[in-house]
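Model the full structure from these sequences, guided by the hints.
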Amino acid sequence: MDSEPLIITVLNIAGTFAFGLNGALTAMRFARLDIVGVLVLGMLTALGGGTIRDVLLDRLPPATFRDWRYLAAAAAGALVAFALGHALERVNRSVIIADAVGLAVFAATGAATAMQADVGVVQSVILGTVTAVGGGTIRDVLVRQVPSVLSSGFYAIPAAVGAAITATCFAIGLHDWIWVSAAALACFALRVFGVRYQFRAPRPPKAPDVSS
Amino acid sequence: MDSEPLIITVLNIAGTFAFGLNGALTAMRFARLDIVGVLVLGMLTALGGGTIRDVLLDRLPPATFRDWRYLAAAAAGALVAFALGHALERVNRSVIIADAVGLAVFAATGAATAMQADVGVVQSVILGTVTAVGGGTIRDVLVRQVPSVLSSGFYAIPAAVGAAITATCFAIGLHDWIWVSAAALACFALRVFGVRYQFRAPRPPKAPDVSS
Amino acid sequence: MDSEPLIITVLNIAGTFAFGLNGALTAMRFARLDIVGVLVLGMLTALGGGTIRDVLLDRLPPATFRDWRYLAAAAAGALVAFALGHALERVNRSVIIADAVGLAVFAATGAATAMQADVGVVQSVILGTVTAVGGGTIRDVLVRQVPSVLSSGFYAIPAAVGAAITATCFAIGLHDWIWVSAAALACFALRVFGVRYQFRAPRPPKAPDVSS
Numbered sequence: 001m002d003s004e005p006l007i008i009t010v011l012n013i014a015g016t017f018a019f020g021l022n023g024a025l026t027a028m029r030f031a032r033l034d035i036v037g038v039l040v041l042g043m044l045t046a047l048g049g050g051t052i053r054d055v056l057l058d059r060l061p062p063a064t065f066r067d068w069r070y071l072a073a074a075a076a077g078a079l080v081a082f083a084l085g086h087a088l089e090r091v092n093r094s095v096i097i098a099d100a101v102g103l104a105v106f107a108a109t110g111a112a113t114a115m116q117a118d119v120g121v122v123q124s125v126i127l128g129t130v131t132a133v134g135g136g137t138i139r140d141v142l143v144r145q146v147p148s149v150l151s152s153g154f155y156a157i158p159a160a161v162g163a164a165i166t167a168t169c170f171a172i173g174l175h176d177w178i179w180v181s182a183a184a185l186a187c188f189a190l191r192v193f194g195v196r197y198q199f200r201a202p203r204p205p206k207a208p209d210v211s212s
Numbered sequence: 001m002d003s004e005p006l007i008i009t010v011l012n013i014a015g016t017f018a019f020g021l022n023g024a025l026t027a028m029r030f031a032r033l034d035i036v037g038v039l040v041l042g043m044l045t046a047l048g049g050g051t052i053r054d055v056l057l058d059r060l061p062p063a064t065f066r067d068w069r070y071l072a073a074a075a076a077g078a079l080v081a082f083a084l085g086h087a088l089e090r091v092n093r094s095v096i097i098a099d100a101v102g103l104a105v106f107a108a109t110g111a112a113t114a115m116q117a118d119v120g121v122v123q124s125v126i127l128g129t130v131t132a133v134g135g136g137t138i139r140d141v142l143v144r145q146v147p148s149v150l151s152s153g154f155y156a157i158p159a160a161v162g163a164a165i166t167a168t169c170f171a172i173g174l175h176d177w178i179w180v181s182a183a184a185l186a187c188f189a190l191r192v193f194g195v196r197y198q199f200r201a202p203r204p205p206k207a208p209d210v211s212s
Numbered sequence: 001m002d003s004e005p006l007i008i009t010v011l012n013i014a015g016t017f018a019f020g021l022n023g024a025l026t027a028m029r030f031a032r033l034d035i036v037g038v039l040v041l042g043m044l045t046a047l048g049g050g051t052i053r054d055v056l057l058d059r060l061p062p063a064t065f066r067d068w069r070y071l072a073a074a075a076a077g078a079l080v081a082f083a084l085g086h087a088l089e090r091v092n093r094s095v096i097i098a099d100a101v102g103l104a105v106f107a108a109t110g111a112a113t114a115m116q117a118d119v120g121v122v123q124s125v126i127l128g129t130v131t132a133v134g135g136g137t138i139r140d141v142l143v144r145q146v147p148s149v150l151s152s153g154f155y156a157i158p159a160a161v162g163a164a165i166t167a168t169c170f171a172i173g174l175h176d177w178i179w180v181s182a183a184a185l186a187c188f189a190l191r192v193f194g195v196r197y198q199f200r201a202p203r204p205p206k207a208p209d210v211s212s
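Protein chains in written order, with my numbering: chain A, 1 to 212; chain B, 1 to 212; chain C, 1 to 212.
FYI, nobody ran anything at the bench for these hints, they're computed from the structure.
Quick caveat: nothing in here was measured; it's all calculated off a predicted structure.
You can take every hint at face value.
Covered stretches of chain C (in silico footprint by chain B; criterion: 3 or more residues with CB under 8 Å from a CB of chain B, positions within the stretch not fixed):
#, segment
1, 46-58
2, 114-126
3, 139-148
4, 191-202
To give a feel for the contact side, a few chain A residues facing chain B, derived at Cβ under 10 Å:
#, residue
5, ALA27
6, ILE35
7, GLY37
8, LEU39
9, VAL40
10, THR51
11, ASP54
12, VAL55
13, ASP58
14, PRO61
15, PRO62
16, THR64
17, TRP68
18, VAL141
19, VAL143
20, ARG144
Ideal Cβ placement from N, Cα and C applies to all residues, glycine included.
Here you go:
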């Protein structure tokens, strides 16, 4: 952890806050939970993806538990959502934006962390994607929604693109923070435009076109 | 494992048995499963929380797999529930009591184990809570209920209180088994009274008061 | 990994392909997902069980991430299902056969891997079973079905039998690949006959016989 570049830590903390906010808002919208449920779902959404990444990379105990700043960012996001939820809820878009921020940041930093652990480029793309979608998938399972990563083609694709840009940059020697940030930005833009313009991934051939 | 205090081992085995009983009773009540489903759900409920704790603390392979006594206690709990289920089911309370015993024991011992692994006080409180609620959350997801940890404020709170008492005692040098047991007892009492008198945690401000 | 016998690697790759196919077909049948959802569910089904096994055995990063052949086999299975899905779907049996192949192979190789890690015979039987049913359980949770391992007695039992044969052979010194293959074959036969002739495990005494 100590040798982790500052920019990755800063981005990770921002992403953790965004996912904490998003998970808590989801808890308030879908399941009408009390403050404990809001806090728990916010923290699981915020810390789930990074924890899975650290388990798979054998970085145990995970940074999300060792480093109090992640715990604080996740709890802060959830508590802000709890306090301001009624106001934010009207701005329905805030749920999607917070989710896109977390997705983008974790795709880029997850892939960067995996590249630094020398697990290979393809593996880093997959681990970056897993880091990005892991928290939201736990969130969706717990509130009994079909996970975004399955139901929406343009959830996993932006994450994989962000992770692929980061992994490619690292593979060709571009370790600078600007590339990690650019990858996160590309993922964020792709996700937000995907939601805005309802990009769709191809469906199975000849299957009836039933929206799920 | 060899250096683990006897009291923690004894409490863990009791908690494992209680969660095995509870998971199996849940399998019989909610999903009308056959003996295999009852055994599987009982063992997952009993061993899930401790396994997550050991993965996060890098104590691998987890004690729940290395130590046959946990496997035996979990299976015994499930099989007792299968054999006596019809009788116990009438006493609806037994499901709640068994769950509260497992919750209380795992909150205290999970926090104690985390403190011994030197991950910090706040982290130990969270890990104790995760140990306590982990098995029940897996149980609820598999039988497609909204997890207790989300829907009931007085599931995570008693666990966090039990874990916090334990972590605080360890932090100020009180390693004696009496404090771990006292923490478990406090958690158990808080959970049982919470269910009995329907304690509620605050809900989000201005949200309509819809019970979930 | 380098010292893993070739037969185990070959069987694992075949099982990974089969589960990739099965998970993708499930995605197309139950949830009408697009190509991303099909690919994600196929890969999670294919890689989930082995990843859980490797986490619990402390073989991190898991072989499923380190070894590109598993990633390729999982993706190939999912993409074949996506391309041929409409044809295969008519042959409803192919979903069950692919699932039984993955179950059988992973039960045997999972138990073999656990025995080689010296975790004990009972533990190896459980870990083989977990390896076999893990991916399918993740699949079922994500598409919101009650997991096969709970609802169908003859899902966990064949897996446990295959794992037990393997673990017993290893315990008495029969390390030859023929025994691992025979164990997988026994598991496969038991699963397929179980589905064909609707074998049932005993239900709780006196509970009303409601099919789940």
